[in-house]
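Position chain Y against the provided structure of chain X, taking the given hints into account.
Line by line, the protein sequences are chains X and Y. Reading the first sequence from the start, the letters are residues 1 to 228 in the UniProt record's numbering. Reading the second sequence from the start, the letters are residues 1 to 228 in the UniProt record's numbering.
To be clear, the hints were calculated from the coordinates, so they are not data collected in a lab. Everything hinted at is true.
No copy labels: a pair is met if it fits in one copy or bridges any two.
Using 20 Å as the maximum straight-line C-alpha spacing, the simulated DMTMM-like pairs for lysine to aspartate or glutamate come out as follows:
id, residue 1, residue 2
1, Lys-152, Glu-142
2, Lys-113, Glu-96
3, Lys-113, Glu-142
4, Lys-8, Asp-132
5, Lys-156, Glu-145
6, Lys-223, Glu-62
7, Lys-156, Asp-141
8, Lys-164, Glu-142
9, Lys-156, Glu-142
10, Lys-152, Asp-141
11, Lys-102, Asp-141
The lines below spell out each chain.
Number of protein chains: 2
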Amino acid sequence: MEKIYTGKTKDVYRQEDGTYLLKFKDDVTGTDGVFDPGANTVGLSIEGAGKAGLRLTQFFFEKINEAGIPTHYLAANIEQNTMTVKPARPFGQGVEVILRYKAVGSFHRRYGKYCNSGDPLDGYVEVTLKDDDRNDPLITDEALEMLGIMTKEEYKTLGQLTRKIGEIVKDEMAKKDLELYDIKFEFGRVGEDNHVALIDEISGGNMRAYRGEQYIEPLDLEKMMLEA
Amino acid sequence: MEKIYTGKTKDVYRQEDGTYLLKFKDDVTGTDGVFDPGANTVGLSIEGAGKAGLRLTQFFFEKINEAGIPTHYLAANIEQNTMTVKPARPFGQGVEVILRYKAVGSFHRRYGKYCNSGDPLDGYVEVTLKDDDRNDPLITDEALEMLGIMTKEEYKTLGQLTRKIGEIVKDEMAKKDLELYDIKFEFGRVGEDNHVALIDEISGGNMRAYRGEQYIEPLDLEKMMLEA
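This is chain X alone, in the form it adopts within the complex:
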């Protein structure tokens, strides 16, 4: 087993059978010791954060696989904090896909001339580049294609899958009386046919959730979702 990548919150190993192993760490992103899922630096380490993130990821990926939506997920080993996945090739050096049901965060910062914070959005999808130095800039389907990152056909597929996955996550959260405001996904190309598939993780740090008027912190969210 060969370590091929050391990430902010996960390490990646290549296994002899061609699958990959993601090892979830207790490090979380943040600034000045305060947990902030949107931050680009590791801010602190929280005991059990890795396991909680993995358990929620397992929960959602199994639902999504069951729905017939392509993902990289194969299995999870909660005891060892690891997830076995199919190898995936990133779009360019990595993109993030954001699905929004409410106008909050960077959407409202950008488009506040045309919306109020918290206005409902009808499953709006946008893509940003993973680029810490440039604050993960927004990019259009046309620019993605022109820069050789993704075809317009892939962009369309990715948007359709994102909306389907979002509905699954939203419905599961509604069962726990939680409202999903927005969520961030990663996609890659998987298999010999290079089909678009959901990759990475779906944990509390990937989304913004509320119970009534109350914002729910990622670690609390994971607890609420996973309790029987």
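Relative to the frame of chain X, chain Y by itself:
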């Protein structure tokens, strides 16, 4: 004749016959007394700047009208620094359309991970909101539609018209040994059928042009384009 708008570089009057009169001023945008077409504040006044901008605008709009592309342009009066135009309704509170033949400026700042400054782009079109407070944010066709600013159909038309207009401008500039790197247009809805039409102006401050390796300042560009 009623003054209905005082702009940074133009004032707008409504005339009795229903047309509008744009009065070009010698004020130009800039910062700390230095001319900067991208700036959002009036920086200084340059004698003759209004007339030069109007003459170049007249030159291009007449070519574009001749090509059968819809614009708001009706006539220009160079002596009085005025242009007569059809009334137009903005998209939302105004959008800007940027056409890029080279990866420079904000495109390179955003996507520098995937391109070098000056890389050729194949007529890439993007739309930004006119919003000084939020630094004119980039916006996708999906967000424009969701926020009620523009339909996807209008976005498509606008992209097609932009590329056609860009070719006209680029070809005219090439005749003067000038290379167009990028250019900014405004569009609006004109006529009872609300068709998408080019509005505002096309002057030196709307574009980035080079002669060989040499960046050409807007006022020099206007002189070069207009000399016999």
